[in-house]
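S.K.: As a plain string of letters, each chain reads:
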Amino acid sequence: AQRVTQPEKLLSVFKGAPVELKCNYSYSGSPELFWYVQYSRQRLQLLLRHISRESIKGFTADLNKGETSFHLKKPFAQEEDSAMYYCALSKSYNTDKLIFGTGTRLQVFP
Amino acid sequence: EPEVTQTPSHQVTQMGQEVILRCVPISNHLYFYWYRQILGQKVEFLVSFYNNEISEKSEIFDDQFSVERPDGSNFTLKIRSTKLEDSAMYFCASSEGISTEAFFGQGTRLTVV
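So the protein sequences, as listed, match chains A and B.
This note's numbering numbers the first residue of the first sequence as 2 and each following residue consecutively.
This note's numbering numbers the first residue of the second sequence as 11 and each following residue consecutively.
Just chain B, same shape as in the assembly:
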């Protein structure tokens, strides 16, 4: 069964460093998403991406964040100048179309020290 794949599973970075979280969505899906879950809190929407551009973003998704689909298969989330409060589980998801089932990856646990 096709799956959304995320790498790495765990990333530790120093405050102020840049990180790139990688995702390989399901191949025939057209919509891609990033969510995050700070420990003990709810899963929060960050951004959705369709047709090579951001279709919607939350207030969390400020200039520190960017997304890219560099090669037609990977979907990346870049966090510049990481802060301690960026420590969270980051989930990638993809779906065939709008309002269809979103399939989630296993998540990347980001720890900023």
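Chain A extracted, bound-state conformation:
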């Protein structure tokens, strides 16, 4: 069965520190991986997806099929990055449902 694991419920860093939010998945096929973000009192929104290979708001994520990971990284955290981050998986064909991890709350202190 498909599964997404985010081992950290909370990650606290100081402004300017590097950030890595971990995400591991289990799926026997070729998944699509996403990171969604939810800022305080706002809706879930897509941050980035692995197929686009973009850097959004300074965040990057590389799909590592060998380690079945899709960790989210940012070299220098900003206070406005404080939010809930969800890793999600979709089977890459014929389906549109997202399978979410439990989320990691990122707190960036000044």
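Simulated from the structure, these hints should not be mistaken for laboratory data.
Incorrect hints may have been included.
[To be verified] Result set (BS3-like, lysine-lysine): computed pairs, CA atoms no more than 25 Å apart in a straight line:
| hint | chain 1 | residue 1 | chain 2 | residue 2 |
| --- | --- | --- | --- | --- |
| 1 | A | Lys10 | B | Lys52 |
| 2 | A | Lys92 | A | Lys16 |
| 3 | B | Lys67 | A | Lys92 |
| 4 | A | Lys66 | A | Lys23 |
| 5 | B | Lys93 | A | Lys92 |
Put chain B on the given structure of chain A with help from the hints.
M.R.: Below, chain B alone, put in the same frame as chain A:
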């Protein structure tokens, strides 16, 4: 910027009652979804809807649940005979096509008492 709109933002209902959660997806989107998040747990897929029919549903989405697109703009989730364990945040989402970005609504917090 177009948004997915959900109403109400909070619904309190008595156990055993029926509730209807409403969503207005983005107007040119063709795929619609409901997800739920029980407090402290992960966001879980309930159902996807395309071309006026359910395209996929999870094991959570049993006979107690139904979805409808009654008038070409609204997308509703009906929960019959609500149970305490139905208390959760329910998110509606829509997308232009399969494997395109899903846009989420703000959610409806359902509290069953």
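S.K.: Run every hint past the structure and note whether it holds.
M.R.: Results of checking the hints against the structure:
| no. | hint | result |
| --- | --- | --- |
| 1 | Lys10/A with Lys52/B | 11 Å, holds |
| 2 | Lys92/A with Lys16/A | 35 Å, violated |
| 3 | Lys67/B with Lys92/A | 15 Å, holds |
| 4 | Lys66/A with Lys23/A | 14 Å, holds |
| 5 | Lys93/B with Lys92/A | 31 Å, violated |
Consistency with the previously given hints fails for numbers 2, 5, ordered from lowest to highest.
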